[in-house]
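Trainee: The lines below spell out each chain.
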Amino acid sequence: MRDIADKFLASVLSKTDRHSSEAPLLRTIRDHAIRKLTPGALPISTDESWRYTDLRSLYGLNLSSVSESQQIDEQILQSFRLPEATDFVVIVDGIFSEKYSSTLSAKEFSVLSNARAEPAGMQVALSKALLGTLEDRFGDGFSALNSSGARDIIMVTVNGESALERVIQVLNVNTKKDVFSCPRILFDCGVGVEATLIEDSLNIGGYRYFTNNVVELFVRENAKVDHIQLQREDLDSFFISNSFVNIERSGTYRSWAISCGAKLSRHNPHVYLGGNGAHADLKGLALCDKGRVSDTHSTLYHAEAHTSSRQTHKNIAADQARVVFNGKIKVFKDAQGTDAAQQSRSLLLSNRASIDAKPELEIFADDVKCAHGATIGQINDEELFYLKARGIDDRTARSLLNYAFARDVLDDLPIKSILPSIEENIRALTSF
Amino acid sequence: MSTALDSIVNQPYRAGFKTDIESDTVDKGLSEDVVRIISKKKNEPEWMLDFRLKAYRHWLTMKEPEWPNVKYPKIDYQDIIYYAAPKPKATKKSMDEVDPELLKTFDKLGVPLHERAALAGVAVDVVFDSVSVTTTYKEKLAEQGIIFCSFSEAVKDHPDLVKKYLGSVVPHTDNFYAALNSAVFTDGSFCFIPKGVKCPMDLSTYFRINTQDSGQFERTLIVAEEDSQVSYLEGCTAPQFDTNQLHAAVVELVALDRADIKYSTVQNWYAGDENGVGGIFNFVTKRGLCKGEKSKISWTQVETGSAVTWKYPSCILLGDNSIGEFYSVALTNHLQQADTGTKMVHIGKNTRSRIISKGISAGRSNNSYRGLVKVSPKAENARNYSQCDSMLIGQVCGAHTFPYLEVDNKSAIVEHEASTSKIGEEQLFYFASRGIDPEEAVSMIINGFVRDVFMHLPMEFAVEATKLLGLKLEGSVG
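Protein sequences, first through last, are from chains Z and R.
Note that my numbering gives residue 1394 to position 285 of the first sequence, counting from 1, and the numbers run on in steps of one.
Note that my numbering gives residue 545 to position 148 of the second sequence, counting from 1, and the numbers run on in steps of one.
Calculated directly from the structure, the hints in this document are not laboratory data.
Model, not experiment: these values are computed from the prediction.
Misleading hints may appear alongside valid ones.
[Said to hold, decoys possible] In silico DSS-like cross-links for lysine-lysine, where the CA-CA straight-line distance does not exceed 25 Å: (1) 819(R) to 1442(Z); (2) 560(R) to 1439(Z); (3) 468(R) to 1439(Z).
[Unchecked claim] Taking beta-carbon pairs under 8 Å as the criterion, some of the chain Z residues facing chain R (in silico): (4) 1213; (5) 1217; (6) 1459.
Think of the CB as a built atom: it goes at the ideal place given N, C-alpha and C, for glycine as much as any other residue.
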């Protein structure tokens, strides 16, 4: 398997679209990533963190990259815009689309691009200092591949100058067959500022493609960020996503990662609690049916004292689906007073489906409170009977129970307008 | 407060002394010739030599596992003595014939053999550096058809049984250390409980590692036939040495229909000094096969010794309605490292398993729980409950949990819980305000923490284990 992974890597690297006029910073980041991408850089099943997810179907693809932005029906695009969003950023096949985006001001927004000269200004200078720092420290082969191949890097700085609380929606659309795209976002939420970032990945057209997403997110002192990642890719596609989050003193980070689509999806949130009193609240929901694979590998780093985290992850696997959850909590030596609790619950709806769960604790401090719980089970017959006894048919009853199971994750979702789409996905799981 | 804790933990190793008995050793190093010499010295039949050679040839193709969460200097497998036996003497019928030096060793350990055997009614098959010296209560057991003897005797006297079951649970291809053990194992215990027999007493083996630089490769095989029942105890102490010693044992258990095997271990090998010098490398493969319906295998372990421990007593639940249990207390102190846990593989219908693991880390040690619960597609109505709790004593130790849950059947119910805590100031204050000093309070808290496991130990073992924990932790809390 090693050789096909290396062949895939070489092929993707050779097809990466590079320009002689690329911005100097982009060049630096790309060259650094390429140096890391030697043969063996991409994982295979013998690597511990990929033992449950077979990448052969991805490595077998012959992919190409897109250099020109596509024309899309604007009406369709606008239909995906959430009513809560104050700002709307559109990325089409990995390329930032100015035309369709309602961009923020230059004080808050810039794009580092292949085709354009490097932008200038205060915001750019601040973002440049941060760009790639988290990816370089916590990333893997795929995030390095993103660094080497991201065509446009979206850099957002929310500094609290605007009175409006920002809700920034990044719509990541794929439109072409056998394409690989590397959407890349840098999100910097200033001291004391509250903001929401929504990443919505989907496709128009129903093709097979590979999205390799990376987001680097900085939560400054006393800042509060809500981060929603909605993955509703085409059922034939491949989706790998790495989120790197750094939380400073008394910062709060809440995230909802909802995985509904893709033939193979993998999400790696890395959350670094790097300041006293930092708090992270991670919620995840994986809905998986047919022969699909949905894999989440989260890592929480409690690096400083008195940091706290809560994590709830729910999986529903139907048909021949495979759902993987690996949740690691690391408590560093000096992180006394850490309070971490993790819960993972999985629902198996079919005998041909499988669930692999691995909650991990690595603790090097003694004054800590850490707990994790993991359960794997099925729909309770008594609960089903209770509903049926009240005249609810089998299918509706099952659907209700599935929905109730997922409810914990969705209850406090700040953006309510995406709920119907998720509910529809939950309902679809019962029709087997 | 920390001085009291320190003095609890830093108690010197009580069993650290060395007995000078003439040993018959083979030169250092491992080759096909050494395997042949071992086999020849033990007067083994041809099939046994074939088994060893097959294992040795396979071992050459294998790589040392690197995935455990432990660090230790690379082992030079050519720098180990693979065979050491006390000089052969005529077979002994009574205790009087036993080397007085040897008896003194047991006296120092506080285990007078005859007394222990008489008082506790325990048959002790003493493995002193690889070769069985004496076996007590053999005749009494033989009346019921129970075979309890050293492995070499079993090869000689019961070749059919050994041939049938050896390697049936842990094949020589299983892992690096199991392959090594299969090639060079010197001795161990063999136990066979025939149909319908309930073993009238707990069977026990005391292992001692004696000759410096001699790797200890034990092989234990326990077979419980239909409707039989047995409780087996294994306890270990070793003298203090500076060079690391390798211990790679293999234990195989086979339970047929409705058979019940209970295997208890107290392990207190030399753990190295407070700077991590010396100590035993304990790389053990233990596995039980619940082959028949309604069979049950229960592992209980108290791991307090060894510099590095790599051990996962497992249950393969093949028979319908079979039960696997794992109760473990692992204590690490100073620079000790332990990566231990269990595997529960559910294959049969209505199989149940239960895992209770308690890890205590003190000093600069690292303690990991690593466990696998696997429910295969045909294992209808499998049920598992796991609980692994860790306690940290001191600010520079580590506690880690790596549970793997793999479920391929929707009727399964698998639950896993883990928590980490420390002995809090508040708890100590609570005790202090009731007139209990910190040292006693700590010992009470720890005994409460491990109670769920200790209650599954046979009585005498539970007493010994409680004392052992107290000794091991003397001075580390406070």
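Trainee: State for each hint whether it applies.
Mentor: Each hint, compared with the structure:
no., hint, result
1, 819(R) to 1442(Z), "holds (14 Å)"
2, 560(R) to 1439(Z), "violated (47 Å)"
3, 468(R) to 1439(Z), "holds (19 Å)"
4, 1213, "violated (43 Å)"
5, 1217, "violated (42 Å)"
6, 1459, "holds (6 Å)"
When held up to the earlier numbered hints, the structure conflicts with 2, 4 and 5 and fits the remainder.
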